[in-house]
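Enquirer: Here's the letter readout for the chains.
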Amino acid sequence: MTDKKNVDYQAMPDSRGHFGPYGGRFVSETLIYALDELDAIYSRLKDDEAFQAEFDKDLAHYVGRPSPIYVAERLSARVGGAKIALKREDLNHTGAHKVNNTIGQALLAKHTGKTRVIAETGAGQHGVATATVAARLGLECVVYMGSEDVKRQALNVYRMKLLGATVVPVESGSRTLKDAMNEAMRDWVTNVENTFYIIGTVAGPHPYPQLVRDFNSVVGREARRQSLDMFGRLPDALVACVGGGSNAIGLFHPMLEDEQVQMFGVEAGGDGLETGRHAAPLNDGRPGVLHGNRTYLMEDENGQIIETHSISAGLDYPGVGPEHSWLKDIGRVNYVTANDDEAMNAFRQLTQVEGIMPALESSHAVAYGMKLAAELDKDDIVLVNLSGRGDKDILTVAQIDGIDV
Amino acid sequence: MNRINQVLSELKSQGRKALVTYIVCGDPRPEQTVQSMHALVEGGADIIELGVPFSDPMAEGPVIQKAHERALEHGTSLKDAMACVKQFREQDARTPVVLMGYANPVERFGYSAFAQAAKAAGVDALLTVDLPPEEALALDQELKANELENIFLIAPTTAPARTKEICELASGFVYYVSFRGVTGASQLDADEVAEKVSQIREVAHTPVLVGFGIKDASSAKAVGACSDGVVVGSALVNIMAQADASAEQINTQLKALVQSLRTALDEL
Chain A
60 MTDKKNVDYQ
70 AMPDSRGHFG
80 PYGGRFVSET
90 LIYALDELDA
100 IYSRLKDDEA
110 FQAEFDKDLA
120 HYVGRPSPIY
130 VAERLSARVG
140 GAKIALKRED
150 LNHTGAHKVN
160 NTIGQALLAK
170 HTGKTRVIAE
180 TGAGQHGVAT
190 ATVAARLGLE
200 CVVYMGSEDV
210 KRQALNVYRM
220 KLLGATVVPV
230 ESGSRTLKDA
240 MNEAMRDWVT
250 NVENTFYIIG
260 TVAGPHPYPQ
270 LVRDFNSVVG
280 REARRQSLDM
290 FGRLPDALVA
300 CVGGGSNAIG
310 LFHPMLEDEQ
320 VQMFGVEAGG
330 DGLETGRHAA
340 PLNDGRPGVL
350 HGNRTYLMED
360 ENGQIIETHS
370 ISAGLDYPGV
380 GPEHSWLKDI
390 GRVNYVTAND
400 DEAMNAFRQL
410 TQVEGIMPAL
420 ESSHAVAYGM
430 KLAAELDKDD
440 IVLVNLSGRG
450 DKDILTVAQI
460 DGIDV
Chain B
60 MNRINQVLSE
70 LKSQGRKALV
80 TYIVCGDPRP
90 EQTVQSMHAL
100 VEGGADIIEL
110 GVPFSDPMAE
120 GPVIQKAHER
130 ALEHGTSLKD
140 AMACVKQFRE
150 QDARTPVVLM
160 GYANPVERFG
170 YSAFAQAAKA
180 AGVDALLTVD
190 LPPEEALALD
200 QELKANELEN
210 IFLIAPTTAP
220 ARTKEICELA
230 SGFVYYVSFR
240 GVTGASQLDA
250 DEVAEKVSQI
260 REVAHTPVLV
270 GFGIKDASSA
280 KAVGACSDGV
290 VVGSALVNIM
300 AQADASAEQI
310 NTQLKALVQS
320 LRTALDEL
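In the order they appear, the protein sequences are chains A and B.
Converting from the first sequence to my numbering requires adding 59 to each position, the first position being numbered 1.
Converting from the second sequence to my numbering requires adding 59 to each position, the first position being numbered 1.
Source of the hints: derived by calculation from the structure; they are not laboratory data.
Predicted model only: the values in this text are computed from it and were never measured.
Cβ coordinates follow ideal geometry from the N, Cα and C atoms, glycine included.
One should not assume that every hint holds.
[What the hints assert, rightly or not] Selected chain A positions facing chain B (Cβ under 10 angstroms, derived; list incomplete):
| no. | residue |
| --- | --- |
| 1 | I91 |
| 2 | I100 |
| 3 | E113 |
| 4 | K237 |
| 5 | T249 |
| 6 | V251 |
| 7 | N342 |
| 8 | R345 |
| 9 | N361 |
| 10 | G362 |
[To be verified] Now the stretches of chain A that chain B is said to cover, found in silico as 3 or more residues with beta-carbon under 8 angstroms:
| no. | stretch |
| --- | --- |
| 11 | 70 to 84 |
| 12 | 347 to 359 |
[What the hints assert, rightly or not] Computed spacing ranges between beta-carbons, pair by pair:
| no. | chain 1 | residue 1 | chain 2 | residue 2 | range |
| --- | --- | --- | --- | --- | --- |
| 13 | B | Q175 | A | I365 | 51 to 61 angstroms |
| 14 | B | E206 | A | E434 | 34 to 44 angstroms |
| 15 | A | P80 | B | D151 | 16 to 26 angstroms |
| 16 | A | D343 | B | K138 | 19 to 29 angstroms |
| 17 | B | E206 | A | I365 | 55 to 65 angstroms |
| 18 | A | E96 | B | E307 | 47 to 57 angstroms |
The whole structure should be built from the sequences, with the hints applied where relevant.
Expert: What follows is the structure in structure tokens.
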């Protein structure tokens, strides 16, 4: 294991988008120029005061930031250990952290002069967030969504249509998020001259993992400041769910140098790691190449990507952002799992004792946060990223309960 | 001299264009692949590109995506593709075979193990769609150590300086992707291709072949006229997609299409 004291977290990725052996640019040649163009524009704008001011203004007035930290006293008391605090990304406009990134990328799109944006979506949250910013900026918007997910997430599909987006059901492969991403890549390679691809997570070819991280890092910067204000110190542990890993990296990144803060990324354990039916590449996968980057993947012995399983569509993805792969290998972040049942239990408990209905994705973080808090002292603080709200999942939960809504 | 350079230099001295034909290994059934490879050669193919099926073929249009899916239903793997080449070599020691696919199966196999196994099977080159030169260095070394060519793509969007760099790294031939898009689309603009190919030829030390969007005699002729040869894929893979056709019927049709392409190119 690398000596973490000597790791320069801010130096990652390198100029070619590598986080140690991970990341990079594994795409067909046609897209290289678009990635070079994006990299050049982002490198120029990321330290540009006017651009940052525009981004901050949108986050304040359109998204409603900063999102508060809420101490879940009744949940903490029920668990009987450390204090559980929630970073309330569920209170953002459109209901999740996803909008932080789509606002940022839409501003980049505006600077490139491209008139059309495309996105892939699983649960539909990133699709909704993209359709929202496209509506606001008057951009044409096409969202690719696996046909299985279109069925599972009918409400978000209709929401995107109301916002003026075209939702294209993807019928290839396993008809879920990974196939939606393949199809978005195919659209991009065809329409690369006028189209900006708004990737929804910290995966994909360089510079996406970097810029999506940077746009979501507002979560960790706020949480750091708010913790110091509220508690007079930083949390003892951060907990966030990891599908692609954008909400987790957003919370973790600004505190990576704070050695006293332990970090836990929670992957979807599905039916349980031992069953193989899960979506936990960092726990049970191995490094490979998919969707433009080298990272931990769920694959078979021939290098074919295998189907994943999770109750939450947003975590149902066989890869993970390359920075997470690196943070796992150097041991800075602990990657654990919560299975479907544990997430459902956390969903019900938070709803019942705090009146907060978490997204099923975020419920995985709540589940692990509760488990961790139970093992710690009551003076300890566990900060859980409540990355999204659960309204979109009500039909899924009703189905589990055998209720026809 | 390896098979690819041998064949391409012979064609050049005869003033003929190269015809490269693509099918996916294991499509529609694994036991048919080697026969189909022979049928392509009988029809007049100079080089065979054998697609290695992958679960997430990002650069392919619907026709070739479905071919990958059909092949994967039979569990066709990179190992199987090399076994097919080995079997093909029992009857054909001359026709070059390029494996074309995506990075992950090769990553999983291991670069060094793959390069040795491919060489032993009689493979001549590898074309990895999602492995641009900047990520290809480690694999490139293993391929070179085993005298295998590494085929790189150049796209309409590739900048001139980058085109030069890719041509310097290239061995065997460079593959110019004729348009912005996925395989099998029909957006071919022969004038635009001609202009770009002439720019590439100024810096290339290998022949320049063109693929994507070439599906019949007339498009082959139009593109062949301005390049060193053409790559045909989706039009052949379409023949594989006929659910009711027997292996013999499929091979007869493959051969007929290749013959028509060969005739058109030989008229140039």
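Enquirer: So, for every hint listed, does it hold in this structure?
Expert: Going down the list of hints, with the structure as the test:
1. I91: holds (6 angstroms)
2. I100: Result: violated, 16 angstroms to nearest chain B Cβ.
3. E113: violated (29 angstroms)
4. K237: holds (6 angstroms)
5. T249: The hint holds - T249(A) has a Cβ within 10 angstroms of chain B, the shortest such distance being about 4 angstroms.
6. V251: Holds, about 6 angstroms.
7. N342: violated (19 angstroms)
8. R345: With Cβ-Cβ at 8 angstroms, under 10 angstroms, it holds.
9. N361: holds (4 angstroms)
10. G362: holds (3 angstroms)
11. 70 to 84: holds (count 3)
12. 347 to 359: holds (count 8)
13. Q175(B) to I365(A): 51 to 61 angstroms: About 27 angstroms separates the Cβ atoms of Q175(B) and I365(A), which means 51 to 61 angstroms is violated.
14. E206(B) to E434(A): 34 to 44 angstroms: violated (58 angstroms)
15. P80(A) to D151(B): 16 to 26 angstroms: Given a distance of about 39 angstroms, which is not inside 16 to 26 angstroms, the answer is violated.
16. D343(A) to K138(B): 19 to 29 angstroms: holds (23 angstroms)
17. E206(B) to I365(A): 55 to 65 angstroms: violated (34 angstroms)
18. E96(A) to E307(B): 47 to 57 angstroms: holds (51 angstroms)
Violation of the numbered hints given earlier is confined to hints 2, 3, 7, 13, 14, 15 and 17; the remaining hints are satisfied by the structure.
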